[in-house]
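Spelled out, the chains give:
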Amino acid sequence: MKPKETRLQLQAAPLLKQNMTTGQTMRDVLLALLPATLAGLWYFGLGALLVLLCSIAGAMLTEWIFSPADSRFERLSDYTALLTGLLLGLTLPPALPLWMAFIGGAAAIGLGKLIWGGMGQNLFNPALVGRAFLLATFPIAMTTWSPQTGPADFFQISASNLAAPFMQAAYDGVSAATPLGLMKFEQQSTALWALVSGNTSGCIGETSGLLLLLGGLYLLLRRDLDWRIPAGILGSAALFSAVLYILDPIKFPGPLFSIFSGGLLLGAIYMATDPVTSPLTPRGAWIFAVGIGLLVILIRIYGGFPEGVMYAILLMNAATPLIDRYTQPRVFGKGIKNQ
Amino acid sequence: MSSSRNTHVGKGDPGSLKLIATLSFAGLLSGLIIVLAYETTLPTITAYKAKVLEEAVFKVLPGVTSMQRLVYRDRALTVNDQVQKGDEAIFSGFDASGRLVGYAIPGAGPGFQDTIRLLYGYIPEQRKISGMEILESRETPGLGDKIYKDPAFVANFESLSVDPEIRAIKKGKPKAASDIDAITGATISSKAVVRIINEANRLWLPRLEQASGPEAER
Amino acid sequence: MAKHKEDLHQEFIKGIWRDNPVFVQVLGMCPMLAVTNTAVNALAMGAATFFVLVGSSFLVSSLRLWIPRQVRISTYIIIIATFVTVTDFTLEALVPKIHKELGAFIPLIVVNCMILGRQEAFASRNSVRLAVMDALGMAAGFLFALLSLGTVREILGEGKLFGFSLFGPDFEPWVIMILPPGGFLTLGLLLLFFSWVKERKQRLEQRLTQLESEAQ
Chain A
12 MKPKETRLQL
22 QAAPLLKQNM
32 TTGQTMRDVL
42 LALLPATLAG
52 LWYFGLGALL
62 VLLCSIAGAM
72 LTEWIFSPAD
82 SRFERLSDYT
92 ALLTGLLLGL
102 TLPPALPLWM
112 AFIGGAAAIG
122 LGKLIWGGMG
132 QNLFNPALVG
142 RAFLLATFPI
152 AMTTWSPQTG
162 PADFFQISAS
172 NLAAPFMQAA
182 YDGVSAATPL
192 GLMKFEQQST
202 ALWALVSGNT
212 SGCIGETSGL
222 LLLLGGLYLL
232 LRRDLDWRIP
242 AGILGSAALF
252 SAVLYILDPI
262 KFPGPLFSIF
272 SGGLLLGAIY
282 MATDPVTSPL
292 TPRGAWIFAV
302 GIGLLVILIR
312 IYGGFPEGVM
322 YAILLMNAAT
332 PLIDRYTQPR
342 VFGKGIKNQ
Chain B
10 MSSSRNTHVG
20 KGDPGSLKLI
30 ATLSFAGLLS
40 GLIIVLAYET
50 TLPTITAYKA
60 KVLEEAVFKV
70 LPGVTSMQRL
80 VYRDRALTVN
90 DQVQKGDEAI
100 FSGFDASGRL
110 VGYAIPGAGP
120 GFQDTIRLLY
130 GYIPEQRKIS
140 GMEILESRET
150 PGLGDKIYKD
160 PAFVANFESL
170 SVDPEIRAIK
180 KGKPKAASDI
190 DAITGATISS
200 KAVVRIINEA
210 NRLWLPRLEQ
220 ASGPEAER
Chain C
341 MAKHKEDLHQ
351 EFIKGIWRDN
361 PVFVQVLGMC
371 PMLAVTNTAV
381 NALAMGAATF
391 FVLVGSSFLV
401 SSLRLWIPRQ
411 VRISTYIIII
421 ATFVTVTDFT
431 LEALVPKIHK
441 ELGAFIPLIV
451 VNCMILGRQE
461 AFASRNSVRL
471 AVMDALGMAA
481 GFLFALLSLG
491 TVREILGEGK
501 LFGFSLFGPD
511 FEPWVIMILP
521 PGGFLTLGLL
531 LLFFSWVKER
541 KQRLEQRLTQ
551 LESEAQ
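Residue numbers (our numbering), protein chains in the order written: chain A, 12 to 350; chain B, 10 to 227; chain C, 341 to 556.
Possibly wrong hints are sitting among the right ones.
What the hints assert, rightly or not - Some chain A residues judged to face chain C by a derived CB distance under 10 Å, without partners named:
| id | residue |
| --- | --- |
| 1 | 42 |
| 2 | 149 |
| 3 | 150 |
| 4 | 178 |
Unchecked claim - When the alpha-carbon atoms are kept at most 20 Å apart in a straight line, the in silico EDC-like pairs for lysine to aspartate or glutamate are as follows:
| id | chain 1 | residue 1 | chain 2 | residue 2 |
| --- | --- | --- | --- | --- |
| 5 | B | 179 | B | 154 |
| 6 | C | 500 | B | 159 |
| 7 | A | 345 | A | 335 |
| 8 | C | 437 | B | 64 |
| 9 | C | 437 | B | 154 |
| 10 | B | 158 | C | 441 |
| 11 | C | 437 | B | 145 |
| 12 | B | 158 | B | 190 |
| 13 | C | 538 | C | 554 |
| 14 | C | 440 | B | 145 |
If you are wondering where the hints come from, they were derived from the structure by calculation, not from laboratory data. From the three backbone atoms N, C-alpha and C, an ideal C-beta is built for every residue, glycine too.
Next up, chain A with everything else stripped away, as it sits in the complex:
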C-alpha cells in the first residue's frame, strides 16, 4: 500500500482503534451462550443438538447463497449468521421437526437480515424474526413441548424431530406444558429452584436461568453489552409483576417467577441487546428496556399466548428508530433557550 520511503503517515480518523470488532464480539456472545447451550443439550438430548445444528445450517446456507460470490467467506467469517442460527435454535422447542428448524434459520437470515440490506441494516432482531415466522407458520409444532429426557437418554431422539421434510410430525404422545403455560391455563406455579437450574420443559436454551445470567455476567465484564438494557427489562418486568402480585397473589405470578420463567432472561441478555436493533443513546436504551419489560408482562397476563418476550422485543425493535430520534443528545451550543 504505502511506499517504503514515506516517513509521514497520513491516515483519516479514527486514529485510535479498539480491539473490538464484529467478529470478536460475536465470538464473545457465542462463548457466553455456551453454558446455557450445553445445559439445554444435557436436559433435552441429541434431538436438541440436531435442532440447533439445522437452524444454524439454514442460517449459514442462506447467507452463503445470497452473498456476492467474492465476499462469501468474509461474510460468513464474522460469525453473525452462526450466532443468529444458534440464538434461533435456542428459542425452539426441542422436539421440533428438523426441517422446520432449517426453514426457520433460512427465514431468520433471509427475512430478518438480507432483505433489509444485510448486516447493520435490519430493523428487527433476525433470530426473533425467524422465530416469529415459525410460530405463525407452524403454530402447533412450535407450541408442543416435550418433557426433559435427561442425560441418561441422551441418544434417544424424539420421533417428531425426524419428520420428513414438509410432512407432519408424529409426537411421542407425552407432552409437557411449560411453566408459563401451567401458570396461564391451570394457575399452577413451578418451584423457583427448578426454574433457576433449568429443570423444566421449554425452549432448548431458555430453561436454565442461572447459566444464562452467568453468560450475561461474562459479556458485561467484556463490555460487549449495554447493561442498561437487561437491567431495564428485568427491573421493569419485576416491578410490574410485583405490583400485580401484591394486588392478587393467587391470580398473578410473583416477580421472581416472572423473571426466571420463559425466555425473558435469554431475550433480555442476548436478543434485546443486539446493537443493531436497540437504541444508541443511554436514555433511549432505558426507554427501550422498560418498554420491553412492561410489554412482556402485559402479553403474558392479558394476551392470548403464555409467553410474550418475542413480540415485546420485536415491537420495541420497531420503535427503536423513533426512540433514537427523540433521545438525540443536544449538539453543543445549540437548542438551549436563553433564560
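We have chain A already, so just place chains B and C on it with the hints.
Coordinates of chains B and C only, in the frame set by chain A:
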C-alpha cells in the same frame, strides 16, 4: 390535464345541463341494468340460501325431514316464514311422521378472530344437544378452524347434556355429560363455541319451556 | 395494416409483462392480498376483474366522445360499478361458495385503482379496438399475478392446488401462508423475483450491445 383548471379555456364548454343530463342518463341506465341482473339472479340466490339453511337444520337434528320457522314475539312462539329484521327466530324440526323432534337454535358471538355464527339442534325431551354446525367463522386456519373441520370436535355435540352448563375441558381429563374436549392449541375458539351455545341456551330454553303449550305443536 | 396489427399485439403484451399492473405498476393491491389464499379464489377474483375491466374499457372507449370531461370520472365510476354489481349477482347465483369466500372483495372491485386507471389513462383516449386490447392485456396480467400468488399460497398453505391434494394427508400446512402476512410475504418475494429477472435481462442485453460494439 386537470379539468378544473382548464374548464373556462375549453372551446366547447358544455353547460351544466349537459353534465347533469349525462350523469342522469348514465345513472338511469346503470340502475336499469342492475335491477335486471338482480331480478334474474334473485330466485337462484334465495333458493340456495334456503337450501343451505335447511341442510344445516337437518344436519343438527338427525331424523328430521321437515322444518318450520318460529319467531319469538310477545312472549310467544309463532310460525312465521316472513323474514324480518330483528326477528328472534329458531327452527322446529319434524320427523317423517310429523312428530316434533327438536329445535334448531342459531347463536352468534365473538371468536378468536371474528364473530362465529352457528346453529345447534336441541331436543327438549332429553334436554340434550343433538348436533352443531358452524355457519360462519374466520378462525385461524389450521387451528381455530378445527371447530368445524375437526370431526372429533364436532362429534362432541352429538348428544350433549345441557345441564348444568357446557364446559370445554382439556383432552384426557375426566368429564361430565355436559363437558366437551377442547381443541389442543385452539382453546379460545373451543371455549367461544361453548360460550355461544350456553348463552343461546340461557335465552331460549326458558322460552321453549314456557311456550311448549299448544302454539308450538303442529 | 401490418403495423396496426403489431400495435394491437403490443397493447396486449405490455399488460402481461412490461407494464404488468401488479408486478410493475403495483396497483390493485387490496384484492391481491386479500383473496389469493387459494388458487380457485384467485382465479374467480381474476375472472371477475377481467370481465369488469374489459367491459368498462369497451364502454368508456365507445362513449368517449359523448362523455363531457368535467364529469368523466363520475361516469367511469358509474360504468364500472354497474359491471361490478352485475358480476356480484352473477357470481352469487352461479358459484355461491366462492362468492361467500370472496365476500366484500367483489363489490370492492369498484375501487380497484387499476381499473379506473386504465379508463383514465388509456380507454378514454384511444380507439375501441386498442382499448379492448389494452384491457385484455392488463386483465390477463392481473389474472396472472393473482394466480401466481394464489398458487404459491395454496401449495404451501394447504398442500393443495385448485383443491387437489399434492403431498398426501401428512403434509404440514404453512399456516402463515393462508393468513394476511403470508399474502404480504409472498407478494414481496414475487416482486423481488420479477425485478431480479428484469434486471438480469437488462444487464445481459447491456453486455450484449457492449460486446457487439467492441467486436466492430
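So, going through the hints one by one against the coordinates:
no., hint, in the structure
1, 42, "violated, 34 Å"
2, 149, "holds, 7 Å"
3, 150, "holds, 6 Å"
4, 178, "holds, 5 Å"
5, 179(B) to 154(B), "holds, 18 Å"
6, 500(C) to 159(B), "holds, 18 Å"
7, 345(A) to 335(A), "holds, 18 Å"
8, 437(C) to 64(B), "holds, 15 Å"
9, 437(C) to 154(B), "holds, 17 Å"
10, 158(B) to 441(C), "holds, 16 Å"
11, 437(C) to 145(B), "holds, 12 Å"
12, 158(B) to 190(B), "holds, 15 Å"
13, 538(C) to 554(C), "violated, 24 Å"
14, 440(C) to 145(B), "holds, 10 Å"
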